[in-house]
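Enquirer: Based on the sequences and whatever the hints tell you, model everything.
Protein chains in written order, with the numbering used here: chain A, 321 to 647; chain B, 15 to 386.
Since the hints were made in silico from the structure, they are not lab data.
On a predicted model such as this, the values are computed, not experimentally measured, just so you know.
Check the hints yourself; a few may be wrong.
Simulated pairs of lysine to aspartate or glutamate, EDC-like, Cα-Cα distance not exceeding 16 angstroms [as the list claims (entries may be wrong)]: (1) A:Lys453 - B:Asp215; (2) A:Lys520 - A:Glu495; (3) B:Lys30 - B:Asp214; (4) A:Lys543 - A:Asp589; (5) B:Lys353 - B:Glu180; (6) A:Lys340 - A:Asp327; (7) A:Lys520 - A:Asp537; (8) B:Lys59 - B:Asp160; (9) A:Lys453 - A:Glu495; (10) A:Lys610 - A:Glu555; (11) B:Lys383 - A:Asp392; (12) A:Lys610 - A:Asp537; (13) B:Lys30 - A:Glu415; (14) B:Lys30 - A:Glu555; (15) A:Lys453 - A:Glu410; (16) B:Lys129 - B:Glu180; (17) A:Lys520 - A:Asp392; (18) B:Lys16 - A:Asp392; (19) B:Lys231 - A:Glu555; (20) B:Lys30 - A:Glu414; (21) A:Lys610 - A:Asp580.
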Amino acid sequence: MNAIEVDQIVKSFGAFTAVKAVSFTVGEGEIFGLLGPNGAGKSTLIRMLTTLLPPTAGTARVNGFDVVLEPDAVRRTIGVIPQAMTSDLELSVEENLVIFGKLYGVPRARRRQLIDELLEAVELTAWRHAPVKNLSGGMRRRVEIARGLVHEPQIFFLDEPTTGLDPVSRASVWEMIRQLREESALTIVLTTHYMDEADKLCDRIAIVDHGKLAALDSPIQLKDSVPGADVVEAEFEHAPSDWNAQLGSLARAAGVTQRDGVVHIASNDGPATVAALMDLARARGVTVRKVTVQSTTLDDVFMHYTGRELRDSTQGGASYDISHLYR
Amino acid sequence: MKLTRVTALIERDMRKFFRSPALMMSSMIFPLVQLIILGYAFGGKIKGAAIAVVDDDRSVESRHIREMFNGIAAGAQTFRVVEYSSLPQAINDLRAGFVRGVVEIPYDFSRRFYKHDRPRVVFTEDNTDQFVSSSVLERIQQMVDDMNSPSTTPRLAGEVQLNVVEIYPYIEYVKYLLAGSTAMAIFIVAMIGGGITFIDDKSRGIHEGYLITPVSKSELVMGLIGAGAFKGLMAGMVLTIIGGLIVGIPRIWDPARLVYLTVVVLAASLAMISFMFLVMVRVDDPLVPRAVFGVLNTLLFFPSGAVYPVEAFPPWLRWISVVDPFTYTVHALHNLTLKSTGIEGIYRDVIILLCFGALTTAGSIALFKRQL
Numbered sequence: 321m322n323a324i325e326v327d328q329i330v331k332s333f334g335a336f337t338a339v340k341a342v343s344f345t346v347g348e349g350e351i352f353g354l355l356g357p358n359g360a361g362k363s364t365l366i367r368m369l370t371t372l373l374p375p376t377a378g379t380a381r382v383n384g385f386d387v388v389l390e391p392d393a394v395r396r397t398i399g400v401i402p403q404a405m406t407s408d409l410e411l412s413v414e415e416n417l418v419i420f421g422k423l424y425g426v427p428r429a430r431r432r433q434l435i436d437e438l439l440e441a442v443e444l445t446a447w448r449h450a451p452v453k454n455l456s457g458g459m460r461r462r463v464e465i466a467r468g469l470v471h472e473p474q475i476f477f478l479d480e481p482t483t484g485l486d487p488v489s490r491a492s493v494w495e496m497i498r499q500l501r502e503e504s505a506l507t508i509v510l511t512t513h514y515m516d517e518a519d520k521l522c523d524r525i526a527i528v529d530h531g532k533l534a535a536l537d538s539p540i541q542l543k544d545s546v547p548g549a550d551v552v553e554a555e556f557e558h559a560p561s562d563w564n565a566q567l568g569s570l571a572r573a574a575g576v577t578q579r580d581g582v583v584h585i586a587s588n589d590g591p592a593t594v595a596a597l598m599d600l601a602r603a604r605g606v607t608v609r610k611v612t613v614q615s616t617t618l619d620d621v622f623m624h625y626t627g628r629e630l631r632d633s634t635q636g637g638a639s640y641d642i643s644h645l646y647r
Numbered sequence: 015m016k017l018t019r020v021t022a023l024i025e026r027d028m029r030k031f032f033r034s035p036a037l038m039m040s041s042m043i044f045p046l047v048q049l050i051i052l053g054y055a056f057g058g059k060i061k062g063a064a065i066a067v068v069d070d071d072r073s074v075e076s077r078h079i080r081e082m083f084n085g086i087a088a089g090a091q092t093f094r095v096v097e098y099s100s101l102p103q104a105i106n107d108l109r110a111g112f113v114r115g116v117v118e119i120p121y122d123f124s125r126r127f128y129k130h131d132r133p134r135v136v137f138t139e140d141n142t143d144q145f146v147s148s149s150v151l152e153r154i155q156q157m158v159d160d161m162n163s164p165s166t167t168p169r170l171a172g173e174v175q176l177n178v179v180e181i182y183p184y185i186e187y188v189k190y191l192l193a194g195s196t197a198m199a200i201f202i203v204a205m206i207g208g209g210i211t212f213i214d215d216k217s218r219g220i221h222e223g224y225l226i227t228p229v230s231k232s233e234l235v236m237g238l239i240g241a242g243a244f245k246g247l248m249a250g251m252v253l254t255i256i257g258g259l260i261v262g263i264p265r266i267w268d269p270a271r272l273v274y275l276t277v278v279v280l281a282a283s284l285a286m287i288s289f290m291f292l293v294m295v296r297v298d299d300p301l302v303p304r305a306v307f308g309v310l311n312t313l314l315f316f317p318s319g320a321v322y323p324v325e326a327f328p329p330w331l332r333w334i335s336v337v338d339p340f341t342y343t344v345h346a347l348h349n350l351t352l353k354s355t356g357i358e359g360i361y362r363d364v365i366i367l368l369c370f371g372a373l374t375t376a377g378s379i380a381l382f383k384r385q386l
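Expert: Written out as structure tokens, the structure is:
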């Protein structure tokens with residue numbers, strides 16, 4: 321049985337459509353990533369699945385419950401870590417967990433036991449009586465993770481769980497998510513605009529761009545779907561006008577693109593393509609200023625499916641994702 | 015509706031409240047300062063107003079009048095006498111604000127006095143300040159009445175006399191103002207809890223944390239209103255007791271009266287927090303409650319009779335006082351603190367406040383958005 325079934329879901333805010341007829345399923349026990357830049361529609365999508373926003377059209381079922389018709393049933397079975405830090409800063413770590421345990425109706429004895437276990441799991445037992453405002457960003461995120469699990473949900477939604485954290489805290493959150501996966505049958509849905517995060521954590525990744533699903537598969541399959549297993553990046557001087565076309569005929573080359581003066585050659589065998597490139601450059605009198613070979617990354621996948629780099633989109637696309645939140 | 019969820023929300027708010035001493039203090043310091051400053055500034059009697067006396071008559075009778083003026087200056091001290099030899103100079107100083115009024119004893123005063131030809135003393139007043147001028151005028155009028163009264167009382171008085179019986183001891187204005195200050199403390203807590211904190215929590219995303227739980231609309235609203243009511247109760251009672259001790263309300267620790275005060279303050283807190291919630295339930299901008307604070311404060315506090323009696327208001331202002339929860343709070347608290355009444359003096363106000371609270375709570379639940 322699928323944990324989540326999304327069918328042609330749409331969300332519009334006036335004339336602006338944030339999510340455009342998206343469909344996908346998430347299997348039980350899977351870690352599913354929604355990857356895309358800010359403003360791509362990831363958070364809107366997750367808000368619809370967590371009943372925070374009503375869909376404009378389409379349907380979504382979470383744990384078999386319709387998000388529109390049975391929102392309370394959905395809420396009881398999911399844990400959510402919203403994008404913003406939503407813990408009460410003045411309350412202690414334990415008090416935050418206790419309050420949410422009560423809101424979810426967890427019986428007292430079970431609540432105590434769960435809180436002890438969760439604080440142990442997120443390594444905050446020593447900080448259980450400390451006010452959340454005294455904790456670092458990474459520790460606060462761990463409080464949120466524990467809080468989201470205080471009622472033993474079946475599906476755990478994490479909306480950009482590591483945004484704003486330093487590298488050490490990010491690694492700590494990743495480790496925690498991996499542990500959750502290993503120790504329970506929890507289904508995890510996370511949104512991120514970090515390639516490495518999606519690559520390292522997710523079983524399957526949905527690439528979201530401009531409210532649409534651009535691609536959906538496992539990280540390996542997604543990388544394999546991009547022509548060429550390697551990417552050769554090179555910079556040249558005195559290159560003739562048809563140089564990129566000549567590069568396309570190099571040995572094992574699968575495609576050529578150019579951005580900011582850097583030529584990217586998708587290749588099925590990077591070293592062989594570099595050798596052929598050097599021979600061709602020497603023969604045509606073109607100076608090779610720089611050449612590197614790297615394996616295909618999710619950034620290449622994102623570029624392949626959306627036509628732009630994720631980091632560019634991340635920098636430029638944040639303007640319209642937040643404004644609708646409290647409309 | 016599950017009570018554990020409502021109490022969890024109340025518990026959360028109360029814990030936050032107790033850990034924010036600045037919030038607690040700010041909800042009580044402003045009404046206390048207002049009580050002390052306004053109470054003593056407005057409630058005092060006029061003393062030491064400078065009155066120019068120009069005696070153009072220079073007779074035995076005019077000296078008698080000057081002595082009476084000097085007697086008031088030394089006794090009641092409503093004014094102090096400044097002797098002038100020139101009327102134009104005295105009028106100039108009146109216009110310049112150096113004296114509050116000019117008393118002229120005309121040159122023919124004694125002649126008219128002895129001829130029983132309506133002798134006159136002229137009082138020119140600075141009527142730009144009604145409080146001072148009416149107090150000084152009242153004193154001078156009293157003095158003139160004393161001069162006119164016969165030296166021997168007739169055996170059978172032919173005039174109708176009014177005997178005034180004051181049912182309560184003299185009440186200083188600061189005691190009168192205490193009820194308004196208590197209502198103000200409750201209002202500030204309602205403004206902070208029902209307005210500022212609620213909308214700040216929304217904009218910080220903390221609100222979103224509650225919306226993802228299975229808490230219903232009514233549970234959320236009841237929890238937030240319940241927490242606000244408890245905070246209002248604490249602020250109101252602390253201010254009533256501290257303020258009562260400062261201004262000298264007698265028998266403030268009387269257990270029965272403390273119970274009645276608790277009932278009134280709790281009902282007022284419920285009414286005000288639910289009203290504030292209704293006003294702010296759809297507001298998202300954190301600047302809005304801060305911007306409307308002054309407007310709501312003026313709109314609710316002054317028409318309530320906390321500062322000035324409702325009977326003095328024009329009809330449109332009386333209508334505002336009718337729908338203003340402050341009015342019933344102030345009325346009930348006046349009855350308890352100034353008149354020492356029991357349940358008979360407060361039950362109507364408490365019922366009105368509870369009905370008001372129930373209506374505004376129902377409105378808040380209806381308008382509350384369960385989703386973003």
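Enquirer: Could you work out which earlier hints the structure fails to respect and list their numbers in ascending sequence?
Expert: When the structure is compared with the hints, numbers 8, 9, 12, 14, 16, 17, 19 turn out to be violated.
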